[in-house]
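Turn these sequences into a full structure, and let the hints steer you where they fit.
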Amino acid sequence: MNKNLTTEVILEPERYELHNPPVHHFEIDRRDFAKIVGAGIAVFLLSKGAIAQQQGQQQQGESGGRGGGGQAAPKDISAWLHIAESGAITVFTGKVEIGQNIRTSLAQAVAEELRAPFDSITMVMGDTRLTPFDAGTFGSQSTPRMGTQLRHVASVACDTLKDLAAKQWSVDAARLVPVAGKITDPQTKRSITYGQLAQGQAFETAVLGEDPLIAPADWTVAGKPLGKVDGRDFVTGRHKYVSDMKLPGMQYGKVLRPESFGATIASIDVTAAQAMPGVAVVRDGDFVGVTAPDMQTAASALKAIKVEWKPTAQQPDSKNIYDFLKANVQTGGRGGGRAQQATDTTAIDSALAAAQHRLDATYKVAFIAHAPLEPRAAVAQWDGDQLNVWTGTQRPFGVRGELAAAFHVPEEKVRVQMPDMGSGYGGKHTGECAVEAARLAKGAGKPVKLTWSREEEFSWAYFRPVGVIDIRSGVNDDGTLTAWELHNYNSGNSGIDTPYKTGAHVATFHQTLYPFRQGSYRGLAATANFFARESHMDDLARVIKMDLFTFRMKNLQDDRIKAVLQAAADKFGWGKTKPAAGHGFGLACGAEKGGYVANCAEVAVDKTTGSVKIVRLVVAFECGAIVNPDGLRNQVLGGNIQGLGGALFEAIEFENGRVLNPKFSKYRVPRFQDIPPIEVVLVDRKDLQPAGAGEVPLMALAPSIGNAICDATGVRLRALPMIPDGTVKV
Amino acid sequence: MPTQTPEATITKITEIQINGRAYKIDAASDTSLLSVLRDQLELTGSKYGCGEGQCSACTVLVDGNPRHSCITSVGAIGKKSITTIEGLERDGKLHPVQQAFLDEGAMQCAYCTSGMIMSAVALLKSNANPSDAEIIEYMQGNVCRCGTYPRIVAAIHDAARTMSASANGGAR
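If you're matching them up, the sequences are chains A and B in order. So the mapping is simple: our numbering equals the position in the first sequence, first residue as 1, plus 389. So the mapping is simple: our numbering equals the position in the second sequence, first residue as 1, plus 1.
The hints are simulated quantities; they were obtained by calculation from the structure and are not laboratory data. There is no bait here: all hints are sound.
Calculated cross-link-like contacts (lysine to aspartate or glutamate; reagent style EDC-like; alpha-carbon spacing at most 16 Å):
{"id": "1", "chain 1": "B", "residue 1": "Lys-94", "chain 2": "A", "residue 2": "Asp-622"}
{"id": "2", "chain 1": "A", "residue 1": "Lys-951", "chain 2": "A", "residue 2": "Asp-1073"}
{"id": "3", "chain 1": "A", "residue 1": "Lys-802", "chain 2": "A", "residue 2": "Asp-772"}
{"id": "4", "chain 1": "A", "residue 1": "Lys-629", "chain 2": "B", "residue 2": "Glu-43"}
{"id": "5", "chain 1": "A", "residue 1": "Lys-578", "chain 2": "A", "residue 2": "Asp-561"}
{"id": "6", "chain 1": "B", "residue 1": "Lys-13", "chain 2": "B", "residue 2": "Asp-31"}
{"id": "7", "chain 1": "A", "residue 1": "Lys-890", "chain 2": "A", "residue 2": "Asp-867"}
{"id": "8", "chain 1": "A", "residue 1": "Lys-802", "chain 2": "A", "residue 2": "Asp-516"}
{"id": "9", "chain 1": "A", "residue 1": "Lys-635", "chain 2": "B", "residue 2": "Glu-43"}
{"id": "10", "chain 1": "A", "residue 1": "Lys-708", "chain 2": "A", "residue 2": "Glu-1044"}
{"id": "11", "chain 1": "A", "residue 1": "Lys-629", "chain 2": "B", "residue 2": "Glu-87"}
{"id": "12", "chain 1": "A", "residue 1": "Lys-753", "chain 2": "A", "residue 2": "Asp-706"}
{"id": "13", "chain 1": "A", "residue 1": "Lys-613", "chain 2": "A", "residue 2": "Asp-1019"}
{"id": "14", "chain 1": "A", "residue 1": "Lys-1055", "chain 2": "A", "residue 2": "Asp-1114"}
{"id": "15", "chain 1": "A", "residue 1": "Lys-890", "chain 2": "A", "residue 2": "Asp-948"}
{"id": "16", "chain 1": "A", "residue 1": "Lys-1052", "chain 2": "B", "residue 2": "Glu-53"}
{"id": "17", "chain 1": "A", "residue 1": "Lys-831", "chain 2": "A", "residue 2": "Asp-772"}
{"id": "18", "chain 1": "A", "residue 1": "Lys-629", "chain 2": "A", "residue 2": "Asp-619"}
{"id": "19", "chain 1": "A", "residue 1": "Lys-613", "chain 2": "B", "residue 2": "Asp-104"}
{"id": "20", "chain 1": "A", "residue 1": "Lys-1055", "chain 2": "B", "residue 2": "Glu-53"}
{"id": "21", "chain 1": "A", "residue 1": "Lys-635", "chain 2": "A", "residue 2": "Asp-683"}
Residues of chain B placed beyond 10 Å of chain A at every Cβ, according to the derived structure:
{"id": "22", "residue": "Asn-66"}
{"id": "23", "residue": "Lys-126"}
{"id": "24", "residue": "Ser-132"}
Model, not experiment: these values are computed from the prediction. Ideal Cβ positions, reconstructed from N, Cα and C, are used throughout, including at glycine.
Here it is in structure tokens:
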């Protein structure tokens, strides 16, 4: 066994499937908080556990223990909100804005519950000093969890304002009406603004989020297609991404990268680099980097370093990786099990043997790169032992932990801030660039900015896991699924369970070794599991000669999936005659993370060349009540367009620990000419609470296209990407 | 499209014309224009995305023509005038293309937006009323990883309408 291959899961394939309760932190004392935000009204949202804990501490305090009781800062705050004397409303959340426009939709949710003008709300996001602990922005959790929490905070704030007005006017709070940032008394026609109510106040309240919220059907601000907050700053180039920042005296950093994954330094000579004016060389074990007053000098200094690398033993390449995965299953580790059903293999084996028709197949998904257009960037500044870092990450608190561990300082000494970034798609959960920038800054004794090059981003970040999925299945002529056995090697658990009614059922995830860093990705494992399942379902329907739509409808058990499948089929015109020979129709559907999706695709395949054209796509999506239809449409459309890359042509090519295509000139991403007409159907369920939408909309895309290609040609494509050169062998 | 410094010898460049004004700079002639804009002049609206002219996040106009500033050396600019995203807004009024991107919500993370807008401005200069196909062909070099392409096409149509309406209005 090659010891340099990753044997432990550095980044869980599915972080969002971890159910460990996060350890909450609340660094700043409430008095400090008052200094930061000034006088006014503050509302903190506590968890039930925190209330119990506080009461416990209070009792301890009363009995002479050391608990701080009511004076202690609450340890389990998930969000808070402040209303200033000016009427300005500031909301603090650890979530971050990465292009999903959550800054806008969370502010809408607050404006709704608080009955305040949308423009009066400012979101402070992803600052480990100012915002409550948050595990990270991933897993499509911001809308269902943070959105709900903020609505509760805002709702309590609104009640607090009503109470203050009632007291001031000596009337019953119940008869007062909050609207547009004012409390109004309909009987006397008096009104008072939130700012006026906040004047001279040092009011704070900590509450449980249990009071009723405004029903989505009654929303007036939420549910509206508002544009991106601060949109003007983005179209004028004024917004400062981390890569745009500049601090006084700031140096530019570059890091020496190994020639291949896992290679170590055999010999190194940094004298020439060190002799360059203004250059500092920082070496710490195998970490070597330089800083310089400008980028060009930093790049020249890096080039001037003479280094010989000691490579690792032979590693798998993109051709033999799939055999490698199955040959290197890790037992006893994390992974296997969650989705495993009660059925044992005897039941599956006998069900398979009894089935009227059998179908076994293997599906593959390649490593793909997130390739966010803004590569990793960080600015680090030491002030004594206090470390300030600005970096683009989906997990500011996670990065703070990485920094504290890397530099052996307490987390309180580290502040991570996250200006709205040039996106991540699940690819920026980690803090490697922040740690490097901080190490360089420490060595140089000056603030340092480190921006990864595109090649570094492709090679040294992490990929969506490569994977193999085996399915064994049985079906009867009447369309009954009698057996379903799925084994997923390395790509992950998410979406592994079939939504179709089956007899014997096994679905298991097997963690394997893998040759590069791998981690989260928009849609991640569900994209792979949906691809395998929905392709396989199509083939089963073909085996028994049942209509592809009917076969799914017959076996689907969830009405919400049926509803989106119906909606997509209706919009697409499923069952209508194909416009010409060589055209094929395909569909696919599923549910994950509270979202329900169905795609239909039409392709045209040239019979001579095998060249595939995607003629049109329809995607129907439902995630409960819609908070911002414009933002949602943008997410659904964008997700499908990004998904086209992984479905059709994106793949990391690698050999012996080296990425062979770490550039946009060699790694093809979807561009204007790749985009077919896409119709988005949004199903708005005002009777249901909202769920997230960042990931699920792209999950049924690849199989819908694969199924259409099969419909047109009879050729089943079982590997993602399906048509790297744009053609299918006919 | 992009130009490399033709001369073998590296000289010092001390002045450059950007957005209608002269800037003093101190750069070796082989320094990329993008680096000068971002690091020396703090005109950070133009973005680094690939360093090989493949994503167009760094697009600026040189004498009105779109150029990849990441692979254009500052020495190749000479007295030509550069327009960056920062130079489009006039007296607090957005350029019609900027306004159209806002109106259409034609962005997500918006890191590509400056480059998209600059390319679109160049397109509309050469073709006041482009078809879908013409927009798609012209903009093929611009990458939006968030996938807002259809909205960008719509925004360019919007801008074309606004600009031709105001041109007609101006003629009256």
